[in-house]
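K.L.:
Sequence:
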Amino acid sequence: MSLLEVKQLNLSLRTHTGLAHILKDVSLRVEAGERVALVGETGCGKSLTLKAILGLLEGKGLVVSGKVLFEDEEILGTPRILRLRGVQIGFIPQDPAASLNPTFSIADQLLAVVRRVRRNLPKEKAWALIKEALVEVAVPDPDRVLASYPFQLSGGLCQRVLIAMALVNRPKLVLADEPGTALDVTVQAQTLRAMRHLTEKSGSSVILVTHNLGVVREFADRVYVMYAGTIVEHGPVKSVFQTPRHPYTRALLDSVPRLTGGGLPQGLDGHIPDYTSPPKGCRFRPRCAFARPECAEEQPLRQVAEGHEVACVLYAEVPRG
1 MSLLEVKQLN
11 LSLRTHTGLA
21 HILKDVSLRV
31 EAGERVALVG
41 ETGCGKSLTL
51 KAILGLLEGK
61 GLVVSGKVLF
71 EDEEILGTPR
81 ILRLRGVQIG
91 FIPQDPAASL
101 NPTFSIADQL
111 LAVVRRVRRN
121 LPKEKAWALI
131 KEALVEVAVP
141 DPDRVLASYP
151 FQLSGGLCQR
161 VLIAMALVNR
171 PKLVLADEPG
181 TALDVTVQAQ
191 TLRAMRHLTE
201 KSGSSVILVT
211 HNLGVVREFA
221 DRVYVMYAGT
231 IVEHGPVKSV
241 FQTPRHPYTR
251 ALLDSVPRLT
261 GGGLPQGLDG
271 HIPDYTSPPK
281 GCRFRPRCAF
291 ARPECAEEQP
301 LRQVAEGHEV
311 ACVLYAEVPR
321 G
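Heads up: the sequence shown at position 271 corresponds to 271 in the UniProt record's numbering, and the numbers run straight through without jumps.
If you're looking for bench data, these hints aren't it; they were derived computationally from the structure.
Keep in mind that the hints are not guaranteed to be accurate.
Each computed DSS-like pair below joins lysine-lysine, with the alpha-carbon atoms no more than 27 Å apart [unchecked claim]: (1) 7 with 238; (2) 201 with 123; (3) 7 with 51; (4) 67 with 280; (5) 24 with 7; (6) 280 with 51; (7) 51 with 201; (8) 51 with 67; (9) 24 with 280; (10) 201 with 131; (11) 24 with 67; (12) 238 with 280; (13) 51 with 24; (14) 7 with 125; (15) 67 with 7; (16) 7 with 280.
Based on the sequences and whatever the hints tell you, model everything.
P.N.:
Following this line, the structure appears as structure tokens:
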């Protein structure tokens with residue numbers, strides 16, 4: 001039994017130009033203690049996938065279908081997700097400035113999270129716990145930060161506060177949406193190392209959304225590659241990075257600058273398709289140098305190596321299993 005299993009998740013949004021089919025049959029799983037990365041270019045649906053799992057998408061224009069199982073129990077569209085958020089499932093949002101309440105101190109907001117699990121914890125112990133949570137993510141002068149309000153802190157400090165908030169209750173699963181966005185490179189590396197250490201220590205699983213493929217290589221066990229709301233390839237990080245199979249995965253890796261050899265990074269012509277009228281079959285087809293007529297048909301994920309699957313007609317003859 002996987003800790004989290006997403007099955008055929010679809011998300012559509014009603015717009016003035018028509019129904020936008022954003023997520024299409026997204027399936028993924030996370031095992032206990034596993035770190036999984038979700039990568040892809042801006043606008044491909046990574047953050048929406050996390051928010052759909054958490055039940056954070058609201059609005060009459062949204063149409064969501066599929067299954068999200070946490071410990072083999074359905075949570076998509078159920079009251080159970082409300083009890084899990086902040087307790088067994090932690091969330092690190094992308095925008096620190098918009099995610100903290102400006103009218104409450106950092107201490108008040110951290111204590112509110114702690115009280116969801118430890119309602120009767122004495123004040124002194126609760127204070128020590130939230131202070132330790134800040135220290136663990138390399139927050140300097142934690143007493144000052146606890147007494148501060150969000151507007152008194154830098155974006156980087158607010159980001160680290162959100163990471164501490166997501167991890168303080170030692171959840172079974174952490175969903176991290178670009179947790180290093182507001183941090184400089186050095187502090188980002190320190191914070192991600194701290195997050196890895198803490199999740200390993202507590203046995204928490206992680207889904208990490210990121211654009212930084214170097215972070216994926218260092219942090220994750222497995223990676224899912226997303227393009228235009230679809231999963232095009234997934235597998236162990238080493239296998240996917242060393243032997244990328246899908247043309248989009250290859251293009252994504254070729255776009256990364258290298259310190260030695262390999263020449264200049266290669267850009268990818270074109271752009272993500274209009275979600276109100278996406279291409280039939282493989283959504284990458286209009287940008288793919290290897291496109292064939294068969295690409296207009298649906299391409300299921302096919303196993304090409306142990307634990308490594310790709311949705312591409314180039315591997316149609318590779319036996320599954």
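K.L.:
All the hints need checking, so say for each whether the structure fits it.
P.N.:
Against the structure, the hints:
{"no.": "1", "hint": "7 with 238", "verdict": "holds, 25 Å"}
{"no.": "2", "hint": "201 with 123", "verdict": "holds, 25 Å"}
{"no.": "3", "hint": "7 with 51", "verdict": "holds, 15 Å"}
{"no.": "4", "hint": "67 with 280", "verdict": "holds, 24 Å"}
{"no.": "5", "hint": "24 with 7", "verdict": "holds, 11 Å"}
{"no.": "6", "hint": "280 with 51", "verdict": "holds, 26 Å"}
{"no.": "7", "hint": "51 with 201", "verdict": "holds, 26 Å"}
{"no.": "8", "hint": "51 with 67", "verdict": "holds, 14 Å"}
{"no.": "9", "hint": "24 with 280", "verdict": "holds, 12 Å"}
{"no.": "10", "hint": "201 with 131", "verdict": "holds, 18 Å"}
{"no.": "11", "hint": "24 with 67", "verdict": "holds, 13 Å"}
{"no.": "12", "hint": "238 with 280", "verdict": "violated, 31 Å"}
{"no.": "13", "hint": "51 with 24", "verdict": "holds, 15 Å"}
{"no.": "14", "hint": "7 with 125", "verdict": "violated, 41 Å"}
{"no.": "15", "hint": "67 with 7", "verdict": "holds, 5 Å"}
{"no.": "16", "hint": "7 with 280", "verdict": "holds, 21 Å"}
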